[in-house]
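K.L.:
Here's the letter readout for the chains.
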Amino acid sequence: MSTTTAEPKGAAAQDGGGIHRFPDSQPLRLDSGAVLAPLEIAYKTYGELNEAKSNAILVCHALTGDQHVASVHPVTGKSGWWERVVGPDRPLDPGRYFIICTNVVGGCMGSTGPASINPETGKVFGLTFPVITIADMVRAQAMLVEALGIETLFAVIGGSMGGMQVLQWAADYPDRLFSAVCVAGAARHSAQNIAFHEVGRQAIMADPDWKSGAYDAAGVRPEKGLAVARMAAHITYLSEAALQRKFGRELQRDGLSWGFDADFQVESYLRHQGASFVDRFDANSYLYITRAMDYFDMPGAYGGVLANAFVKSRHVRFCVLSFSSDWLYPTAESRDVVRALSAAGCRASFVEIESDKGHDAFLLDEPQLDLALRGFFASAAQLRGL
Amino acid sequence: MREDFREILRLVRPGARVLDVGCADGSLLELLIREKGVDGQGLELSPAGVSACLARGLAVVQGDADHDLDDFPSRAFDYAVLSDTLQSMRDPKHVLSELLRIAGQAVVSLPNFGHWRVRLSLLARGRMPETPALPEPWWSTPNIHLCTLADFTDLCRALNVRIDACAALSAGRTARPIDPSRALENWRSEQALFLLSRPGGAQPGEIQRDLFGEPVTALRVEPTRRRRAGEAAKV
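Read top to bottom, the protein sequences are chains A and B.
My numbering puts the first residue of the first sequence at 8, with every later residue one more than the last.
My numbering puts the first residue of the second sequence at -6, with every later residue one more than the last.
Please note: incorrect hints may appear among the correct ones.
Covered, in the sense of this in silico footprint (three residues per stretch, anywhere, with C-beta under 8 Å from a C-beta of chain A), are these stretches of chain B [stated by the list, open to error]: (1) 48 to 58; (2) 93 to 106.
Some residues of chain A that are not near chain B, with every Cβ distance over 10 Å (derived) [claimed, not checked]: (3) R36; (4) M238; (5) R346.
It should be emphasised that the hints constitute simulated quantities derived from the structure, not laboratory data.
Keep in mind that this is a model prediction, so the values were computed, not measured.
Idealized CB from N, CA, C, for every residue including glycine.
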């Protein structure tokens, strides 16, 4: 019914995946009412699906992540973004589980997004790409999971925007889930979250090279705007304590420049973050995905009562994790999720992990995170007979 | 095995839904799951405790009984267990009410401040007691709402909570069924374990069993009439 192109084998054994192209007869119907066809979803897999097809785990990536969760990134050459969690002897071991990670719809690493060709015009979508939502991303993932022949996922797990997708999975496809792990996530975007995203979007749109989104046709890229967006966002992923510990007021060189060079190490660091980001990310994708996150409001979608989203998920084992210094998606947001799960009669575990590393702690060396995930998955796997 | 754990294990119906409030490292829950196949959930404040529970594969929510019980729906559990913790709650009355909103029955154990050792310490030495059941000095104890058995039975009465059964616990001894309203028990029980419910709270057709596995006949606590010795032992 569709074709899968195999990617060359990566460094890790048993890597698989590629780009799954759904036929026009299987379009992605978006929340906005628009329809995407043909839909392409880029994905990576690690490990092998067992005979019973009961060991599949879907990993959902964050805003600027992609499908390369545990293998070398083809553009940056850097290791996978969650190798701390996915890999041999890690909490999600490909020797035991079949791990799938897809690039979200709207992304720029192979899935259909604003940088894809609009089949109607034969040109890059740009701003003619329809606005997408977290639920749309999840719908596309569900289509891929089905195409891979998997009826029920052993687990869906993700951090940040990935955590939002996890909650959406639980609401939309409870029958296809055995367990769900939401790390440093939230059930809706707060005013502050939206505000920061708006700063990023305005930075992109203020770049003359953005060209109202049609920069591809003009042969330019709004790199400066995208870099500033990344710099602003990056601050929100850290914490005051982490920045202070890492950089303090340390200077790049001896003495001040008495000008506007990057005198301080923290400036240099942020500039580097911005500059390296533009090599691997598309500015319009950044606009669309931040918009999807801003539109995310699960309580709103369920009559103001988040618990209503989970009434059909009582059989799903939930684990909700937050970090004490995360001010982007603070613990209170995770607690709201846990409250709603309890109220819906779901079985949920929740722990706030002590860390001063801010939101990004979910990507970093946090032994408590490992411990929590190992414990949760060990018992879930036992129940699942894995 | 801790004596109170042994009693709770004896009491809980196989396959029941159990919420362990203040579950620490999850030992009791693990025991209940292993021995009784219960559907267990823990609530624990300390991050170390929560991590230990997760490592054991238990469902546990990090939280505080003073605030977070409110988030559980009514009748979500068959039993809510609060072991040796009520006296350190900010609002024990609220917590007790919440336990019996969330669960059909509550299992509550607490140290008895009416125990002779406690009374002796205050009376003879003029000091806050440091006993096996209350080992911490006054300045570091988490116990901010200590009570005697008489005080607790008064609270149960005020809240219209039925005492289905009660057992006295002392370290190293087997549990002893008691009538907590008897003055003598208030002298000699170091700790007590209560099985509580709301009158009329049992689900139809459900046989409630007491601490000793016997079908429950409610033990009425009446302030005006003192029970004769030996009467309570039949419960």
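K.L.:
So which of the earlier hints does this model not fit?
P.N.:
Violated hints (numbers, rising): 2, 5; every other hint is consistent with the structure.
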